[in-house]
Amino acid sequence: MKIVFMGTPDFAKESLKALYEAGYEILTVVTNPDRKQGRGMKMSVSPVKKFAEEKGLQILQPEKVRKNEEFISKIRDLKPDVICVVAYGKILPKEILDIPKCGCINVHGSLLPKYRGAAPIQWAVLNGDKETGITTMYMDVGMDTGDMILKEKVTIGDDETTGELWDRLAKIGGELLVKTLKEIENGTAKRIKQGEDFSLAPMLDKSIAKIDWENKTAREIKNLVRGLNPIMGAYSFLNGKKIKFWKVNVLNNNDINIEENKDNLENGTVLISDAKQGLYIEAKEGIIKVLEIQGENAKKMDIASFLRGNKIEKFEIFK
Numbered sequence: 005m006k007i008v009f010m011g012t013p014d015f016a017k018e019s020l021k022a023l024y025e026a027g028y029e030i031l032t033v034v035t036n037p038d039r040k041q042g043r044g045m046k047m048s049v050s051p052v053k054k055f056a057e058e059k060g061l062q063i064l065q066p067e068k069v070r071k072n073e074e075f076i077s078k079i080r081d082l083k084p085d086v087i088c089v090v091a092y093g094k095i096l097p098k099e100i101l102d103i104p105k106c107g108c109i110n111v112h113g114s115l116l117p118k119y120r121g122a123a124p125i126q127w128a129v130l131n132g133d134k135e136t137g138i139t140t141m142y143m144d145v146g147m148d149t150g151d152m153i154l155k156e157k158v159t160i161g162d163d164e165t166t167g168e169l170w171d172r173l174a175k176i177g178g179e180l181l182v183k184t185l186k187e188i189e190n191g192t193a194k195r196i197k198q199g200e201d202f203s204l205a206p207m208l209d210k211s212i213a214k215i216d217w218e219n220k221t222a223r224e225i226k227n228l229v230r231g232l233n234p235i236m237g238a239y240s241f242l243n244g245k246k247i248k249f250w251k252v253n254v255l256n257n258n259d260i261n262i263e264e265n266k267d268n269l270e271n272g273t274v275l276i277s278d279a280k281q282g283l284y285i286e287a288k289e290g291i292i293k294v295l296e297i298q299g300e301n302a303k304k305m306d307i308a309s310f311l312r313g314n315k316i317e318k319f320e321i322f323k
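Residues in the sequence shown are numbered from 5 upward in steps of one, following the working numbering.
These aren't lab readings, by the way, just hints derived from the structure by calculation. Do not rely on the hints blindly, as some may be mistaken.
Said to hold, decoys possible - In the PhoX-like style, the derived pairs of lysine-lysine whose C-alpha atoms are separated by at most 25 Å in a straight line are:
#1 Lys134 / Lys155
#2 Lys68 / Lys98
#3 Lys186 / Lys157
#4 Lys118 / Lys94
#5 Lys54 / Lys6
#6 Lys105 / Lys6
#7 Lys6 / Lys83
#8 Lys197 / Lys186
#9 Lys304 / Lys245
Could you build the full structure based on these sequences and the hints that come with them?
Quick look at the structure:
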């Protein structure tokens, strides 16, 4: 089976690696153009391109795929049996979807039709879901609306971050893609229609990263923190300085001994701040125990190390 692979981040690299190791003929690898990134604006190449270069695979990096006749002609001339698309980052036009005789296959990081869109893994963690998974599907012109082929469920750990779940699902996605292609080759691949009950997983907006101590529960704050780790980090302000939270836990109100009457304390109030005991913050329906934190213009660190070098007073309030 001759394959054109389209993908960009490390999530996609795992699928490309699985195809390569399974011995499939990869005609070309399509990935996003190199970009300048970071403070030094150094040129950065995608994980997919790095892997393709290491293995000597042909690489194409079009700026756009819609109304790009030169690129579309190149793909058509390759005569692929299938196009595999994993987190490529661009929506494919019908002209490309119609090229391969076995269709275009997508690896999606959710149990469709739940979480159609660009950030399914992130939203599963942000929403505190207990399970998610991978779906392989035939692509059509809609946004993750094509017929499903295979699914694999996984349980999300209570403390698992988006980054940790991302890495797990990336490997599962590669394995499921190979299994899917074998079923297509054998003529046993099913086409399962998606139901009408779907949800969306749009790109994350930076505005969601600010912790809402007043309205969100302790559990919701924890989900926000782990859901934005390592993407951008959830943050709050203390004495006008921006503090990022990278790892927290939730305690019940009776898990720690507080002499003061907590009923009169504002959510976001520091209950305990000590390098030995840790940092505990009053929250709605619980207490936030901070495990990993990052001060303004500083590196992230465990809470004990942070408190040895930074003073946070009891009863100060995170806003």
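Each hint, compared with the structure:
1. Lys134 / Lys155: holds, 16 Å
2. Lys68 / Lys98: holds, 14 Å
3. Lys186 / Lys157: holds, 20 Å
4. Lys118 / Lys94: holds, 20 Å
5. Lys54 / Lys6: holds, 21 Å
6. Lys105 / Lys6: Given that 25 Å is the threshold and the Cα spacing comes to 10 Å, the pair holds.
7. Lys6 / Lys83: Distance ~8 Å between Lys6 and Lys83 Cα, so the pair holds.
8. Lys197 / Lys186: holds, 20 Å
9. Lys304 / Lys245: This hinted pair holds, its Cα atoms lying about 15 Å apart.
Consistency with the previously given hints is maintained throughout, with no hint failing.
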